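Protein chains in written order, with this note's numbering: chain P, -10 to 269; chain H, 29 to 328.
Derived by calculation from the structure, the hints in this document are not laboratory data.
Given the structure is predicted, the values throughout are model-derived calculations rather than measurements.
C-beta atoms are modelled at their ideal positions from N, C-alpha and C, and glycine is treated no differently.
Please note that the accuracy of each hint is not assured.
[Stated by the list, open to error] Subject to a maximum C-alpha distance of 20 Å in a straight line, what follows is the list of computed SDA-like cross-link-like pairs (lysine to any residue):
(1) 274/H <-> 224/P
(2) 296/H <-> 72/H
(3) 155/P <-> 101/H
(4) 92/P <-> 67/H
(5) 155/P <-> 296/H
(6) 135/H <-> 6/P
(7) 296/H <-> 6/P
(8) 135/H <-> 5/P
(9) 135/H <-> 10/P
(10) 135/H <-> 9/P
(11) 274/H <-> 135/H
(12) 135/H <-> -3/P
(13) 274/H <-> 6/P
(14) 135/H <-> 211/P
(15) 135/H <-> 92/P
(16) 135/H <-> 256/P
(17) 191/H <-> 110/H
(18) 92/P <-> 43/H
(19) 296/H <-> 79/P
(20) 296/H <-> 101/H
(21) 135/H <-> 125/P
(22) 92/P <-> 101/H
(23) 92/P <-> 6/P
(24) 274/H <-> 165/H
[What the hints assert, rightly or not] Label pairs and their in silico Cβ distance ranges:
(25) 13/P <-> 96/H: 38 to 48 Å
(26) 240/H <-> 23/P: 25 to 35 Å
(27) 23/P <-> 105/H: 34 to 44 Å
(28) 68/H <-> 97/P: 21 to 31 Å
(29) 77/H <-> 252/P: 24 to 34 Å
(30) 255/P <-> 71/H: 50 to 60 Å
[To be verified] Here are some of the chain P residues that sit facing chain H, going by a computed Cβ distance under 7 Å:
(31) 6
(32) 8
(33) 15
(34) 21
(35) 30
(36) 51
(37) 55
(38) 93
(39) 140
(40) 172
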Amino acid sequence: MRRRAKINPIRAFFIVVPLAIMLFWTLGPIYWIVVTAFTTNDQLYRPVLSLFPDPITLSHFRELFWESPFLRQLRNSFYVSTITTVVSAVVGCTAAYAITRLKFRGRQLIARFLIWSYLVPASVLFIPLFSLVQTLGLVGNTNSLLLAYLTFTVPFCTWLLIGYFKTLPVELEEAAMVDGCSHVGALWRITLPLAAPALVVTTLFSFTLSWNEFLYAIVLVTNPVDQTVTAGIATFVGEDVYFWGKMFAGAILMSLPPVILYLAGQRWVVGGLTMGGVKA
Amino acid sequence: MRALGRRNLRDVMGRDWILGYLLLLPALAVLVGLIAYPFLYAIYLSLQNKPIGAPGTFVGLQNFLTLWRSPIFYQVIRNTLIVMIVGVGLKFLVGLMVALILNERIKLRGLWRALLFFPWTIPIVVSGFSWRWILDDMNGVLNMTLSHLGIIDSYIVWLGDPKLAIWMIVAAVLWEGTPFYTMNFLAGLSVIPSELYEAARIDGAGSIQCFFHITLPGLSNVIIITTLLSAIWTATELQWVFVLTKGGPGHASETFPMMAYSQAIGAKALGMGAAVALSFFPMFLVLIFFLTRRMLRSEE
């Protein structure tokens, strides 16, 4: 319950004006992405200001689908993000359970190492990882991205789940184990169902982080048909002078999965962030 | 004998050590194989002259010395600090302002919140290109609008002007990064007990006093974690510079991830690229150190 203020014109002014400015600043570029994707090239590249597409065209989408490897790249992105998400959720759950529920030497150290490794930036790791992937003979292979993405999803998922597992009552698991359940059984039957909200947040973030990743995507894979969408969209620049319409058609489509996930998981996301305080 | 040995190991390693390490094995494999080992390998690479696809030769600290003697390196430090400090400062101020507004009882609050979080949900590469297109000097909507309104006579080369380019990157960083701050600050505001405000009101405190004596102290932990995380991410993000300017014109907007990329991948000099990345690492080590301490403490 917040205090109830009467409508105060000064207070209203200090809320409405900044809010309006922020909405304009935030939504302006997004509006422009959408407009550009539906505007004909004739209209895009003439020195006359026009703020609406007239006529509306789907030619950029057509070009994107039939004359570029975009659909292949979309498939690659789904492939990489889904596998990364599933693997890191499983790895994260078992690791977080071990750290929060089992007693053994070294777990504090490993917990510290996890958070530390999450913060080592990709811009430091990408050079040795490129070299490593080259040694493994995986350069240019979409699967090499799986290895690279685990470097940020695994520490992230584990850290977030450690925080959540700590808030769950241990008594239920202990009761289950008194009744003859093993540790693994307790994790599977008791802890995981209780941790469902945290699992939703971790999978949502892992998927989005992998989907949006750019640096590894351009460094490790260079052949367009094997690239993911983030890398693919950047290659439009050199091909043609008039690439903007096609690029933003692709931009809209590739933004849909993270936007849909965000809208679907919105109510968990805000709480989830305070658990780990995280975004890439 | 053997049973005794096993028991001793259990005493040393703790009750559940076998299952514990078994469950941790996959995570440890990632930590050691994909993070720790590559990190150490980066140090080894930085001491070599190592072109892509050819064997390296050991050159000691030569890469670092060449780099530290180059004036470009200092320009890159300056640019990285501008993006990090100004970017984080602006994101903090704007993010806090938006969070305070969205924390008020206003109509359609959920809608405004969802709309204002939008930049955070779309891939950075997409927002980067949208800014590049808006700022395009020939066909960009910003130049056309400004000249249409009579504010400018001739088009401004936003991204090609050595003085302006870095500030355009800061603007794009601000646009994309503000929601993360707003989101965390809103979550932080929601746990400050409203009784504190009521009590302060009764004692005659005004809005400004409430802000400085209740709101800010109540948010301090969220502020520190958010700002430190964001400082690391902002300074190490390649995409803005890569998409908007590629570091140009010249090196006017080059930040350290861009320099590491163009040395390692562009110039195919992995050793020099690693030296660039590692030269900046101490700065992040300090940030990571403070952040890790904070995050572990707030976990307790």
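Consistency of the hints with the structure:
no.	hint	result
1	274/H <-> 224/P	holds (14 Å)
2	296/H <-> 72/H	holds (17 Å)
3	155/P <-> 101/H	violated (45 Å)
4	92/P <-> 67/H	violated (29 Å)
5	155/P <-> 296/H	violated (46 Å)
6	135/H <-> 6/P	holds (14 Å)
7	296/H <-> 6/P	violated (51 Å)
8	135/H <-> 5/P	holds (11 Å)
9	135/H <-> 10/P	holds (17 Å)
10	135/H <-> 9/P	holds (13 Å)
11	274/H <-> 135/H	violated (43 Å)
12	135/H <-> -3/P	holds (15 Å)
13	274/H <-> 6/P	violated (36 Å)
14	135/H <-> 211/P	violated (49 Å)
15	135/H <-> 92/P	violated (51 Å)
16	135/H <-> 256/P	holds (19 Å)
17	191/H <-> 110/H	holds (12 Å)
18	92/P <-> 43/H	holds (6 Å)
19	296/H <-> 79/P	violated (37 Å)
20	296/H <-> 101/H	holds (18 Å)
21	135/H <-> 125/P	violated (57 Å)
22	92/P <-> 101/H	violated (48 Å)
23	92/P <-> 6/P	violated (56 Å)
24	274/H <-> 165/H	holds (16 Å)
25	13/P <-> 96/H: 38 to 48 Å	holds (45 Å)
26	240/H <-> 23/P: 25 to 35 Å	violated (42 Å)
27	23/P <-> 105/H: 34 to 44 Å	holds (38 Å)
28	68/H <-> 97/P: 21 to 31 Å	holds (23 Å)
29	77/H <-> 252/P: 24 to 34 Å	violated (50 Å)
30	255/P <-> 71/H: 50 to 60 Å	violated (42 Å)
31	6	violated (10 Å)
32	8	holds (6 Å)
33	15	holds (5 Å)
34	21	holds (6 Å)
35	30	violated (11 Å)
36	51	violated (20 Å)
37	55	violated (22 Å)
38	93	holds (4 Å)
39	140	holds (5 Å)
40	172	holds (6 Å)
Consistency note: the structure conflicts with the earlier hints numbered 3, 4, 5, 7, 11, 13, 14, 15, 19, 21, 22, 23, 26, 29, 30, 31, 35, 36 and 37.
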